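Trainee: Just so it is clear: in the sequence shown, position 34 is 34 by the numbering used here, and no numbers are missing.
Simulated from the structure, these hints should not be mistaken for lab results.
In this text the structure is predicted, and so the values were computed from the model without any measurement.
Check the hints yourself; a few may be wrong.
[Stated by the list, open to error] For each label pair, taking beta carbons as the anchor points, the in silico distance ranges come out as:
no., residue 1, residue 2, range
1, 45, 19, 19 to 27 Å
2, 73, 35, 33 to 41 Å
3, 31, 77, 19 to 27 Å
4, 23, 69, 12 to 20 Å
[Stated by the list, open to error] Straight-line C-alpha distance at most 20 Å; calculated SDA-like pairs for lysine to any residue:
no., residue 1, residue 2
5, 39, 19
6, 44, 26
7, 39, 83
8, 39, 20
9, 44, 95
10, 44, 81
11, 39, 75
12, 39, 88
13, 44, 59
14, 44, 74
15, 44, 28
16, 39, 17
17, 44, 27
18, 44, 71
19, 39, 24
20, 44, 54
21, 44, 34
22, 44, 33
23, 39, 58
24, 44, 84
25, 44, 75
26, 44, 94
27, 39, 16
28, 39, 26
29, 44, 30
30, 39, 81
31, 39, 53
32, 39, 74
33, 39, 89
34, 44, 79
35, 44, 22
36, 44, 12
37, 39, 86
38, 44, 80
39, 39, 11
40, 39, 49
Don't be surprised by glycine CBs; every beta carbon is placed ideally from N, CA and C.
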Amino acid sequence: MRRLLGRPVDLDRAWDLHPQVSVRPEPFGALLYHFGTRKLSFLKDRRLLAVVQSLAQAPTARSACLAAGLGEDELPRYGRALAVLVQSSMVVGRTP
Numbered sequence: 001m002r003r004l005l006g007r008p009v010d011l012d013r014a015w016d017l018h019p020q021v022s023v024r025p026e027p028f029g030a031l032l033y034h035f036g037t038r039k040l041s042f043l044k045d046r047r048l049l050a051v052v053q054s055l056a057q058a059p060t061a062r063s064a065c066l067a068a069g070l071g072e073d074e075l076p077r078y079g080r081a082l083a084v085l086v087q088s089s090m091v092v093g094r095t096p
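Turn these sequences into a full structure, and let the hints guide you.
Mentor: As structure tokens, this is what we get:
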């Protein structure tokens with residue numbers, strides 16, 4: 001399981017918050033609560049929050065990351081963070 005979580009998501013795919021997830025911004029980042037699974041996730045990075053909040057409007061996760069001001073060298077790290085959110089069903093793939 002650890003190896004799976006270490007892999008970044010496909011940044012060239014469209015992603016979105018699960019419809020049952022609520023985001024509450026906090027000074028440290030944000031709290032994400034999934035009403036279906038009752039899971040709580042902490043985002044400790046405000047730029048990751050910006051990425052997550054812009055997923056719905058962005059054509060791909062890569063474009064959401066770049067719009068949040070991330071550099072190309074930071075994409076693998078944020079891709080792994082998004083993978084954790086996908087694994088916990090906070091973020092889901094968007095179909096065209």
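Trainee: For each hint, tell me whether it holds in the structure or not.
Mentor: Going down the list of hints, with the structure as the test:
no.	hint	verdict
1	45 x 19: 19 to 27 Å	23 Å, holds
2	73 x 35: 33 to 41 Å	36 Å, holds
3	31 x 77: 19 to 27 Å	21 Å, holds
4	23 x 69: 12 to 20 Å	19 Å, holds
5	39 x 19	14 Å, holds
6	44 x 26	9 Å, holds
7	39 x 83	16 Å, holds
8	39 x 20	11 Å, holds
9	44 x 95	28 Å, violated
10	44 x 81	11 Å, holds
11	39 x 75	26 Å, violated
12	39 x 88	8 Å, holds
13	44 x 59	25 Å, violated
14	44 x 74	16 Å, holds
15	44 x 28	6 Å, holds
16	39 x 17	14 Å, holds
17	44 x 27	9 Å, holds
18	44 x 71	18 Å, holds
19	39 x 24	14 Å, holds
20	44 x 54	17 Å, holds
21	44 x 34	17 Å, holds
22	44 x 33	14 Å, holds
23	39 x 58	25 Å, violated
24	44 x 84	13 Å, holds
25	44 x 75	17 Å, holds
26	44 x 94	24 Å, violated
27	39 x 16	17 Å, holds
28	39 x 26	17 Å, holds
29	44 x 30	7 Å, holds
30	39 x 81	16 Å, holds
31	39 x 53	18 Å, holds
32	39 x 74	27 Å, violated
33	39 x 89	9 Å, holds
34	44 x 79	15 Å, holds
35	44 x 22	16 Å, holds
36	44 x 12	24 Å, violated
37	39 x 86	13 Å, holds
38	44 x 80	14 Å, holds
39	39 x 11	24 Å, violated
40	39 x 49	17 Å, holds
Hints 9, 11, 13, 23, 26, 32, 36 and 39, counting from the list given before, are not met by this structure.
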